[in-house]
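So the protein lines, in turn, are chains A and B. So the first sequence is numbered by our numbering: it starts at 6 and just counts up by one. So the second sequence is numbered by our numbering: it starts at 112 and just counts up by one.
These aren't lab readings, by the way, just hints derived from the structure by calculation. Please note that the accuracy of each hint is not assured.
What follows is a list of derived Cβ distance ranges for each label pair [what the hints assert, rightly or not]:
no.	chain 1	residue 1	chain 2	residue 2	range
1	B	384	A	204	37 to 47 angstroms
2	A	72	B	269	36 to 46 angstroms
3	A	498	B	477	45 to 55 angstroms
4	B	131	A	34	53 to 63 angstroms
5	B	402	A	72	29 to 39 angstroms
6	B	160	A	115	19 to 29 angstroms
7	A	38	B	402	32 to 42 angstroms
8	A	72	B	178	44 to 54 angstroms
9	B	589	A	34	28 to 38 angstroms
10	A	498	B	589	37 to 47 angstroms
11	B	611	A	70	24 to 34 angstroms
12	A	115	B	477	43 to 53 angstroms
13	A	23	B	160	32 to 42 angstroms
If you want the footprint, here are the derived chain B segments under chain A, 3+ residues with CB under 8 angstroms [claimed, not checked]:
no.	region
14	500-506
15	518-531
16	535-544
17	590-599
With a straight-line cut-off of 20 angstroms between C-alpha atoms, the simulated SDA-like cross-links for lysine to any residue are [what the hints assert, rightly or not]:
no.	chain 1	residue 1	chain 2	residue 2
18	B	549	A	157
19	A	211	B	524
20	B	485	A	117
21	A	169	B	524
22	A	446	B	524
23	A	211	A	277
24	A	169	B	582
25	A	162	B	582
26	B	549	A	176
27	B	485	B	582
28	A	36	A	169
29	B	485	A	31
30	A	162	B	485
Using N, Cα and C, we set each Cβ at its ideal position, and we do this for glycine too.
One-letter residues, chain by chain:
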Amino acid sequence: METLISIKPVLAIAVSLAAVLLIYLTGERSKNLRETWTILAAVTKFTIVASMVPSVLNGKILEYTLISIAPGLSIQFKVDAIGIFFAALASFLWIITSVYSIGYMRSLNERAQTRYFACFAIALSATMGVAFSANMFTTFLFYEIITLCTFPLVAHKETPEAIKGARRYLTYLLGTSVAFQLTAVLLTYNTAGTLDFSNQGIFAGKGSDLLLTIIFVLYMAGITKAAMMPFHSWLPAAMVAPTPVSALLHAVAVVKTGVFVVVKVVLHIFGIDLLQKLGLGTALAYFASFTIIVASIIALKQDNLKRRLAYSTVSQLSYVILGVALLTPSAITGGIMHIVLHAFGKITLFFTAGSIYVATHKTEINQLDGIGRKMPFTMTAFTLGALSMIAIPPLGGFISKWYIGIGALEAGQLPIILVLVASTILNACYFIPIVYSAFFKEPIKDHEHHDEKHNGLSESPAMMVVPLMLTAIGALALFFYPGVFIELARIIMATVT
Amino acid sequence: MNITDQAPGLIIVLPLIASLLNIMVGSWRRAFCYPFAVAALGACAALSVNILYAVINNGAIHYRLGGWEPPWGIELMIDHLNAFIAVVVSFMSLIVAVYSKKSIEQELPADKTSYFYTIYLLLATGMLGITVSGDVFNIFVFLEITALAGYALIAIGDDRAPLASFNYVIMGTIGACFYLLGVGYLYIMTGSLNIADLSRLLPDLYHSKVVLVAFAFFMVGIAIKIAFFPLHIWLPDAYTHAPSSVSALVASTMTKVGAYVMLRITFTVFEPYFSSEVVPMTAILGWSAFAAIIFGSILAVGQTDFKRMLSYILIAEVGYIVLGVSLGNRQGFTGSVLHILNDAVMIACLFMVAGAVVYKRGARNLNDFIGLNKKMPVTMAAFSVAAVSMIGVPPTAGFFSKWYLILGSLQAEKWAFAAALLFSSLINAVLFFRILEKVYLKGSRGQGFKESSEEETSFDEVPLSMLIPILVTAVGIIILGLYSGRIISSIIQFTVPEGF
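Isolated chain A (complex conformation) (with noise of 0.2 angstroms):
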């Protein structure tokens, strides 16, 4: 495989830090002017990652040594199909969410709008950072700067409820990583003498089964922002957060990353072989699929629709570290793919809940009877959205599932297929009784705003609405034109096998 030096992916990560800098300088004065530079940001982010693409898909690697600290410890970057694959999806759902942002924080005028677009922009870039490290030092690193930069974003609204969220958060996300994941990077280089990520794994013929296996459960255990359960709750409390957060950070940036280290965890560090030998692939397996079946269940009894979508998207994270936990080649690809397909059908899920709060101040389940009369386009693209999630074809959801499926037969794993079965039931549980209630329920009369908007429509701002529409569509294309990301997944496979 050939390796090409090139800055590209320090400029990727270092556009938003450069936005920040100008989203500060522009303040308040000119809120179009500061949001300007947001939207150059995404855009000129999302290029720069796309620019790399071809040369990924011939089958190049980039490769960048920002600075050599010490022996072991340098900020380092390389481009491969994973990173890449990650960085796209990232950036492109950027540059969508930084519209809805726009329509989102304006229509109700929320506070402190510049160091939420400043932290934003900061936690893109660490996101780059995650996807592009060459080694786990670096990644360690993002992942760090991630959850520094989202607690001010959880945070947001200052209510006292909305800092005690934000302290959950923070003791889940960075109390695990100090104690367990920087223990089990420590304990990766006492070993393995290296931290730089390699197909085939690391730790080939170092040290002991038992201490292999404590630094893999150290990993998982560390690596919270995949929200695995016990160390799921965190992410039901960073609800709190505005909406485009919780759309495209704990649905695809912050939790992607958890699950993305995950899985270079597992190829990268470990290997396919290695987990095979420690038996701990079926371990993980059959605990992501705990997590699937568990934390569906309590999606069904939770009536604030965004907490419904946060136990969901604790579930479907768990899809991926099911896909390439069970180790063989059609799971791995379904769970890398699972990657963008879930961050599509949930970033559209969480736009629309953003989207009925803006027009109608509503956030629980029962208050939307109705709905989908007065806010076709949003109820439309939530449908496709749940779809999505419960896997009915010709939605992205399916493509997934499908891979995983086969997988766990090639693996011999009978089980996993009822644990899919099942979650797909619960999927459909808690997501189509609010499509239903939407479309086909009247609305309950309500008191207080009286009936002059109730036979029309009242959507949200275009702003808010053609994002939600673009990404729902997304969901239903990704279906016919799997198209780069199948490529890159392919690449992936083949190189760690």
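Following the hints, complete the assembly by docking chain B onto the known chain A.
Then chain B, alone, in the frame of chain A:
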């Protein structure tokens, strides 16, 4: 005769003479004391860099005061380790001196400032003297100069400072006695006080009871001086009630210099073999350090006074340094020496932030940090950097020393030590995020907090002479972090004792 040759002597003589001249300068024009002291310390800093370069390029320096041959004359001996410590000490003294102007004007009566700078320079003299001395008795002399100056500076703090200082005098004096007894016993046995001489003569006497007792006296004496758990009780009071700039100086440098003396005694005067095999000193130090880290961290959680909280954190940080040394491997030792530097910068930054809050708010309880992001955004940004570094998030300096310390613990298979270090990181996260929340977020202020009026939230930073030192340390934390590999490969790796 060029300056480089004389630098080791000058670095003591210059601040000593400056401190005397300072009284005269002060009686002529009080306002000149500050620039005079800053200039003298600036010269010391330049000299220390000069010495460090000389050591890096040409190896250890042996400087004979007045040309007398050791063991009769006084020898200054500077290798990578103390050249490095001297740079830390002289730069921290300089930075804090720059910072002290406004803070001292507010905290002291105007007619006392010239004396303040005189004693301040004496303190710097003492610490630099300890670092460059080549014999154990001179280290004692300078330890006492440092300590006496320290007692005086701490005593001029707030109302409770004299009492705190008095406690410190008693403990410090006991510590000094122990140290001096150790020196005496070694002199009885060997007839020499010179470090190089002693390390040559002592191996034959390792099983003599007198030498063992001397070693024990040294360790206890130094343990008191660096407030090593469980001999730390004097420190929180003394550092809490001292004037802001004094706390910043003594917290960042005095314990580090003490730690340096500990390294010298355990690994140069005695051989590593003695300290780990003949007496199980490293094991004792290791477990005491373990306790220091755990209890320092836990006690810090209970504090509401910001400076007192920092004092307990400092006790834990001293534990870090000793813990790394006790591991007896290269990684651990590297971590310790690196942490001497990193901790000096971080603690100085935090104490200077404390001083800035005292300067503006007149108090330093954790609740006084409420809403400071609007009033003092720059100071608070610096504070955030230092806080993140204390937690140990890369790429700040705190991460790298912790990295080596934990790596050393893992290599030595001391899992409990690694766990203690991680535990302390977590506690630091709790401690500092508790404050950062108050600084940046409104909702954390609880009920009954009056929504601040317009002037409360308006921009009201500390004067530039305070702000710049704070910023220098904050930026330093990041730069030192990024350059830690360079620092290790050019300096610290040469300080690791043979056999590690």
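To see whether the hints hold, each was checked on the structure:
In this structure the supplied range 37 to 47 angstroms holds for residue 384 of chain B paired with residue 204 of chain A, their Cβ-Cβ distance being about 46 angstroms. At about 44 angstroms, the beta-carbon gap between residue 72 of chain A and residue 269 of chain B stays in the expected band of 36 to 46 angstroms. At about 53 angstroms, the CB distance of residue 498 of chain A to residue 477 of chain B agrees with the hint of 45 to 55 angstroms. Distance hint for residue 131 of chain B and residue 34 of chain A: a CB-CB separation of about 56 angstroms, consistent with the stated range 53 to 63 angstroms.
Evaluation of the 29 to 39 angstroms hint for residue 402 of chain B and residue 72 of chain A yields a pass: the beta carbon distance comes to about 37 angstroms. In this structure the supplied range 19 to 29 angstroms is violated for residue 160 of chain B paired with residue 115 of chain A, their Cβ-Cβ distance being about 51 angstroms. Against the hinted window of 32 to 42 angstroms, the Cβ-Cβ separation of residue 38 of chain A and residue 402 of chain B comes to about 57 angstroms, which falls outside the hint. For the hinted restraint 44 to 54 angstroms between residue 72 of chain A and residue 178 of chain B, the CB-CB distance of approximately 47 angstroms keeps it satisfied.
Separation of residue 589 of chain B from residue 34 of chain A is about 29 angstroms and conforms to the stated range, judged on CB atoms against 28 to 38 angstroms. Checking the proposed 37 to 47 angstroms range against residue 498 of chain A and residue 589 of chain B shows it holds: the Cβ atoms sit about 40 angstroms from each other. In this structure the supplied range 24 to 34 angstroms holds for residue 611 of chain B paired with residue 70 of chain A, their Cβ-Cβ distance being about 30 angstroms. The hinted range of 43 to 53 angstroms is not satisfied by residue 115 of chain A and residue 477 of chain B, whose Cβ atoms lie roughly 29 angstroms apart.
Taking the beta carbon of each, residue 23 of chain A and residue 160 of chain B are about 35 angstroms apart, inside 32 to 42 angstroms as hinted. Counting residues of the region 500-506 of chain B whose C-beta lies closer than 8 angstroms to any C-beta of chain A gives 5; at least three are required, and the coverage claim holds. Check on the region 518-531 of chain B: 4 of its residues sit with their Cβ under 8 angstroms from a Cβ of chain A, so the three-residue criterion for coverage holds. For a cut-off of 8 angstroms, the count of residues in the region 535-544 of chain B with a CB near a CB of chain A stands at 4, and the three-residue condition holds.
Residues of the region 590-599 of chain B with a Cβ under 8 angstroms from some Cβ of chain A number 6, which satisfies the need for three, so the listed coverage holds. At most 20 angstroms may separate the alpha-carbon atoms for a hinted pair to count; residue 549 of chain B and residue 157 of chain A meet this at roughly 13 angstroms. At most 20 angstroms may separate the alpha-carbon atoms for a hinted pair to count; residue 211 of chain A and residue 524 of chain B meet this at roughly 16 angstroms. Between residue 485 of chain B and residue 117 of chain A, the direct Cα distance comes to roughly 12 angstroms. Compliance with the 20 angstroms bound is thereby established for this hinted pair.
Between residue 169 of chain A and residue 524 of chain B the alpha-carbon distance is near 39 angstroms, which puts this suggested pair outside the 20 angstroms criterion. The suggested pairing of residue 446 of chain A with residue 524 of chain B is violated, with an alpha-carbon distance near 66 angstroms, which exceeds 20 angstroms. For a cut-off of 20 angstroms, the pair hint linking residue 211 of chain A to residue 277 of chain A stands: about 15 angstroms separates their Cα positions. Taking the CA atoms of residue 169 of chain A and residue 582 of chain B, the gap is near 31 angstroms; set against the 20 angstroms cutoff, the hint is violated.
Between the alpha carbons of residue 162 of chain A and residue 582 of chain B the distance comes to roughly 30 angstroms, so the proposed pair goes past 20 angstroms and is violated. With a C-alpha separation of about 16 angstroms, the suggested pair residue 549 of chain B and residue 176 of chain A falls inside the 20 angstroms cut-off, and the hint holds. This hinted pair checks out: residue 485 of chain B and residue 582 of chain B have alpha carbons roughly 17 angstroms apart, not beyond 20 angstroms. At roughly 30 angstroms between alpha-carbon atoms, residue 36 of chain A and residue 169 of chain A are farther apart than 20 angstroms, so this suggested pair is violated.
Using a Cα cut-off of 20 angstroms, the hinted pair residue 485 of chain B and residue 31 of chain A holds, with the two alpha carbons roughly 17 angstroms apart. The straight-line distance between the Cα atoms of residue 162 of chain A and residue 485 of chain B is roughly 17 angstroms, inside the 20 angstroms bound, and the hint therefore holds.
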